[in-house]
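Taken in sequence, the protein lines are chains A and B.
Residue numbers for the first sequence follow the numbering used here, so the first one is 1 and each next one is one higher.
Residue numbers for the second sequence follow the numbering used here, so the first one is 1 and each next one is one higher.
These aren't lab readings, by the way, just hints derived from the structure by calculation.
The C-beta atom is built at its ideal place from N, Cα and C for all residues, glycine as well.
Hints may contain errors.
Label-pair ranges, simulated between beta-carbon atoms [claimed, not checked]: (1) 101/A <-> 251/B: 47 to 57 Å; (2) 83/A <-> 248/B: 28 to 38 Å; (3) 75/A <-> 189/B: 35 to 45 Å; (4) 17/A <-> 173/B: 39 to 49 Å; (5) 20/B <-> 102/A: 55 to 65 Å.
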Amino acid sequence: MKKIEAIIKPFKLEDVKDALTEAGITGMTVSDVKGYGRQQGHSELYRGAEYVVDFLPKIKLELIVDERSVDETIRIITDAARTGKIGDGKIFVTSVQKVVRIRTGEEDEEAI
Amino acid sequence: MDLTEVNYVIDTFFTLFAMTLIIFMVPGFAMLEAGLVRTKNVSTVLMVNTMIYAVASLGFLLIGYSIAFGDFGSDSMSAWAAFLFQMAFVGKVVNIMSGGVSERARVLPLALFTVIMGSVLYPIIVNWTWGANMLEGTMLELSMYDLAGSTVIHSTGGWALLAAILIIGSRKGRYPKEGGVRVIPASNVPLVTLGAFLLWIGWFGFNGGSVGSIASKESADAVALTIMNTNTAGLAGAIVVGLLMYVQYRKLDITMILNGALGGLVAITAGPDLYTIYQPIIIGAIGGALVVFAVPLFDKLRIDDPVGALSVHLVNGIWGTLAVGIFASNGDNITLLGQLKGVIVVGVFAFVVSFVILFIINKLFALRAANDEEMQGLDVEECGLEAYPEFKRAF
Numbered sequence: 001m002k003k004i005e006a007i008i009k010p011f012k013l014e015d016v017k018d019a020l021t022e023a024g025i026t027g028m029t030v031s032d033v034k035g036y037g038r039q040q041g042h043s044e045l046y047r048g049a050e051y052v053v054d055f056l057p058k059i060k061l062e063l064i065v066d067e068r069s070v071d072e073t074i075r076i077i078t079d080a081a082r083t084g085k086i087g088d089g090k091i092f093v094t095s096v097q098k099v100v101r102i103r104t105g106e107e108d109e110e111a112i
Numbered sequence: 001m002d003l004t005e006v007n008y009v010i011d012t013f014f015t016l017f018a019m020t021l022i023i024f025m026v027p028g029f030a031m032l033e034a035g036l037v038r039t040k041n042v043s044t045v046l047m048v049n050t051m052i053y054a055v056a057s058l059g060f061l062l063i064g065y066s067i068a069f070g071d072f073g074s075d076s077m078s079a080w081a082a083f084l085f086q087m088a089f090v091g092k093v094v095n096i097m098s099g100g101v102s103e104r105a106r107v108l109p110l111a112l113f114t115v116i117m118g119s120v121l122y123p124i125i126v127n128w129t130w131g132a133n134m135l136e137g138t139m140l141e142l143s144m145y146d147l148a149g150s151t152v153i154h155s156t157g158g159w160a161l162l163a164a165i166l167i168i169g170s171r172k173g174r175y176p177k178e179g180g181v182r183v184i185p186a187s188n189v190p191l192v193t194l195g196a197f198l199l200w201i202g203w204f205g206f207n208g209g210s211v212g213s214i215a216s217k218e219s220a221d222a223v224a225l226t227i228m229n230t231n232t233a234g235l236a237g238a239i240v241v242g243l244l245m246y247v248q249y250r251k252l253d254i255t256m257i258l259n260g261a262l263g264g265l266v267a268i269t270a271g272p273d274l275y276t277i278y279q280p281i282i283i284g285a286i287g288g289a290l291v292v293f294a295v296p297l298f299d300k301l302r303i304d305d306p307v308g309a310l311s312v313h314l315v316n317g318i319w320g321t322l323a324v325g326i327f328a329s330n331g332d333n334i335t336l337l338g339q340l341k342g343v344i345v346v347g348v349f350a351f352v353v354s355f356v357i358l359f360i361i362n363k364l365f366a367l368r369a370a371n372d373e374e375m376q377g378l379d380v381e382e383c384g385l386e387a388y389p390e391f392k393r394a395f
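All chains, full assembly: derive it from the sequences and hints.
See below:
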């Protein structure tokens, strides 16, 4: 099992979610996060003075999938979240040792 | 009831209604300031707005009104309505003053100054301009025309604020040692908008009520003209600031546009009953433009005014008073020179006396919050209650 963490632009969340659901991948956790990558934030204007917003609002999406679905999931997220402009985000994949569904006690693949 | 009594009742009702509109400016100031400061100081800003309205108004009831007018009395309407209308103004003077020292002033010393301002300092200025006139026959006697207080209220509050800012200093980190200005953006723009429009609506009572009577055809016309001109100046201020911001920065900064509208409203306040329906467009437009130039100018001078009160109320209070001399001078009792004299006499008195009183209060009680209190936010120290606790606590 793998955990896929994707940092995406907030307004792309609906597209990504719909694309994943369509492909039969259900269940995900999202959180509001802030951060920056190579683009280093951007500047805004307040009362005639410019200021730099270092940390831009992003959405972090986490989902656990079995090994076979990893590549497909990454492809779906990449396609749905891409705008082509700087700041589209990143995807991280890590291994997951164990998953337990709290309600039933099911483990691993059955619990995903 | 004979006609005199009917007029008495109508004027009393009109004045009470105008007073109610003016009191709407208390939440107006409170919301505007709460939106422009950081979330960690919002409870304190709201509490200050409430408390100083209360203590200054009560000070005006017990002491100030008698200093200003000699006694409680009015022939044309209920004496209590006449008093309440004047009392509603006091809260504005002190609210103007308190906004610009937000995020770093401690409440109790500020409230102490407010008591003095509401019960003595401001009433003396009213005495010279609208009241018993103790300067009559002296060299300093004022002939300034100031219908609803561009000078008496707005720049008086502004001068006191300038004195306070000079004593208390800027917010920590606002002007870094290496130079430049660190921007501290507004925390809640919708609240700023709500506050600005509450002030705008309150202004109709502020200026309209200052005409003093509505119970005849002539005075009803004067009230309607006054309110229309008041509104026009606000519209012109907003539009001009929008244009200027767009031309200069390609951005329509809403907080500046709202400040521009308020600047236009302050500028019109000295003589909204004197102008034609077109003049307020120019007066309000210049008022708005002054805000756009004054905000960065005060920053350049390292005078930290989080809400723009100096640009809106002080600068435009002066401009509005002079505007009467420019647009409505009749060469007889209204002259540009007379207006200028009023601006200077009231300005010097308000600034010097405020500075001295604040200087003494500062020596005795420390006007400014300690560094770590300021970093943490005044809400914890002064109120014990944060306006937005959910950011840290789930339940």
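Fill in: Structure versus earlier hints - violations, ascending order
The structure conflicts with no hint, since it agrees with every one listed earlier.
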